[in-house]
Amino acid sequence: MAGMTDVLLPETPEEAVSAYGDGAGVTVVAGGTIVMPEINAGRLRPTKTILLARAGLAGVSREEGKVTIGATSPLEALVDLAAPVGPCAANVGDIEIRTQATLGGNLCAGEGLGAPRGDLQGALLAVGAHVRSAGAGGETTEPLEDFLAHRRDRLVLDVSYDDPEAGAFVSLDRPHTHEYTVLAVSAARLADDSVRLAATGAGSWGVRLPSAEAAADDPESAGAAALRDVSPHDDALASAWYRSQVLPVLVRRALTQLQENG
Amino acid sequence: MKLTVNGRAHEVESAPLTPLLAVLREELTITSPKAGCQQGGCGACTVLVDGKPVRSCLLPVAAVDGSEVTTLEGLGTPERLAPVQAAFYEQYGSQCGFCTPGVLMATHALLERTPRPSRDEIEAALAGHVCRCTGYVKILASVEAAANNGSAS
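Those protein sequence lines, which keep their order, are chains X and L.
Convert by adding 7 to the 1-based position in the first sequence; the result is the number in this note's numbering.
Convert by adding 745 to the 1-based position in the second sequence; the result is the number in this note's numbering.
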């Protein structure tokens, strides 16, 4: 089943970074929820695999209002974090999947099986998270927006953000836990009183909604403005038309909830 | 690689990326975990690894080298059913039985962390388990019965 492949099990973050190198030809397996179905079905035949199970990259810490989440922290470890991150994590899969699936995998996911993946991309965009990662050119720490564009070539080490003053997460209900989220909107009010909004499911990966942010004082018009920030797509879960109808509603609800949450 | 399954130590020779499910079923002939969808979506392969419910089809065995695995075979025997097994038996919580091992392991884990779960907590804990026979009503009743039996004993 596995075929001929080098399988490395680094025991420290340094060993993981060294094993990853520039990432060329490397398959990274953390929780396995994204990669293992591909391997099981024979669609992916890795030549060099890094298992991060023991790399020492898990753990959630909070220091002076700054939250730092290790790359291999399971999503179940995030569900009690403040909105939007906690409720977003709780909305992924089911308890077994959340026990296995990791933050790093969620950030690196996307454009698979014709459905949007990577729910936390939206929530972490909303709180202005930064990603520390390794790969070609060495270690970098950059805003999540920048990271997402080249996420396939990086090894996530951790993600950090300042706890927002208030947060909100709204999502279309899933018909079943096995479904990916069709569309979700995260909102956060930061310490400088600015409001950030981001969506998951309105494009290939999580996107910020700057036009909606600019109109954040008026949830109704912010909802309409959000359509200027996205290019919704058809996939197995929903049509672009449907997403366009729903996005303004979710933006309005997220902003209303944000106002209610302080 | 080493695995302790239901209290018994095993040396494992499968390739490192072999899913734990295949190691259990094909190398160790422990067959209660079922190969359903094999992509994490049906719950039939659910086992406990170090006490937590996980999908064994999604776990490369090398990632759990040295871990303690519990399958349904480790909960009870036909002569001495575990409380969750007895409750499902008494409440007709199983029909064809294919999903039952996974449902029982998830239920066992739920009752370990929440001995008296609410209906919502039960539904959340079993949300990832597909059953095509029972319509779920008798499964939910079985879990509630198991919780009540547990508190009475």
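Just so you know, these hints were derived from the structure itself, not from any lab.
Honestly, I wouldn't trust all of these hints.
Said to hold, decoys possible - If you want the footprint, here are the derived chain L segments under chain X, 3+ residues with CB under 8 Å:
| id | stretch |
| --- | --- |
| 1 | 756-765 |
| 2 | 788-801 |
| 3 | 804-815 |
| 4 | 828-834 |
| 5 | 866-872 |
Unchecked claim - Beta-carbon label-pair distances, calculated as ranges:
| id | chain 1 | residue 1 | chain 2 | residue 2 | range |
| --- | --- | --- | --- | --- | --- |
| 6 | L | Cys-878 | X | Glu-152 | 30 to 40 Å |
| 7 | X | Lys-73 | L | Glu-857 | 44 to 54 Å |
| 8 | L | Tyr-834 | X | Asp-169 | 18 to 28 Å |
| 9 | X | Asp-169 | L | Cys-841 | 18 to 28 Å |
Claimed, not checked - Simulated pairs of lysine-lysine, DSBU-like, Cα-Cα distance not exceeding 35 Å:
| id | chain 1 | residue 1 | chain 2 | residue 2 |
| --- | --- | --- | --- | --- |
| 10 | L | Lys-747 | L | Lys-797 |
| 11 | L | Lys-797 | L | Lys-883 |
| 12 | L | Lys-747 | X | Lys-73 |
| 13 | X | Lys-55 | L | Lys-747 |
| 14 | X | Lys-55 | L | Lys-797 |
Glycine included, each C-beta is placed from N, C-alpha and C at the ideal position.
Do the hints match the structure? See the list:
1. 756-765: Contact hint for the stretch 756-765 of chain L vs chain X: holds, 5 residues under 8 Å.
2. 788-801: Per the Cβ count (6), the hint holds.
3. 804-815: This one holds; 6 residues, not fewer than the three required, reach chain X with a Cβ under 8 Å.
4. 828-834: violated (count 0)
5. 866-872: Since 3 is at least three, the answer is holds.
6. L:Cys-878 x X:Glu-152: 30 to 40 Å: violated (47 Å)
7. X:Lys-73 x L:Glu-857: 44 to 54 Å: violated (34 Å)
8. L:Tyr-834 x X:Asp-169: 18 to 28 Å: violated (53 Å)
9. X:Asp-169 x L:Cys-841: 18 to 28 Å: Given range 18 to 28 Å: violated, Cβ gap about 52 Å.
10. L:Lys-747 x L:Lys-797: With a Cα-Cα distance of about 18 Å, the restraint between Lys-747 (chain L) and Lys-797 (chain L) holds, given a limit of 35 Å.
11. L:Lys-797 x L:Lys-883: holds (24 Å)
12. L:Lys-747 x X:Lys-73: violated (39 Å)
13. X:Lys-55 x L:Lys-747: Status holds; Cα separation ~22 Å.
14. X:Lys-55 x L:Lys-797: Satisfied, since the Cα-Cα distance of roughly 29 Å is no more than 35 Å.
The structure fails hints 4, 6, 7, 8, 9 and 12 (numbered hints given earlier, in ascending order).
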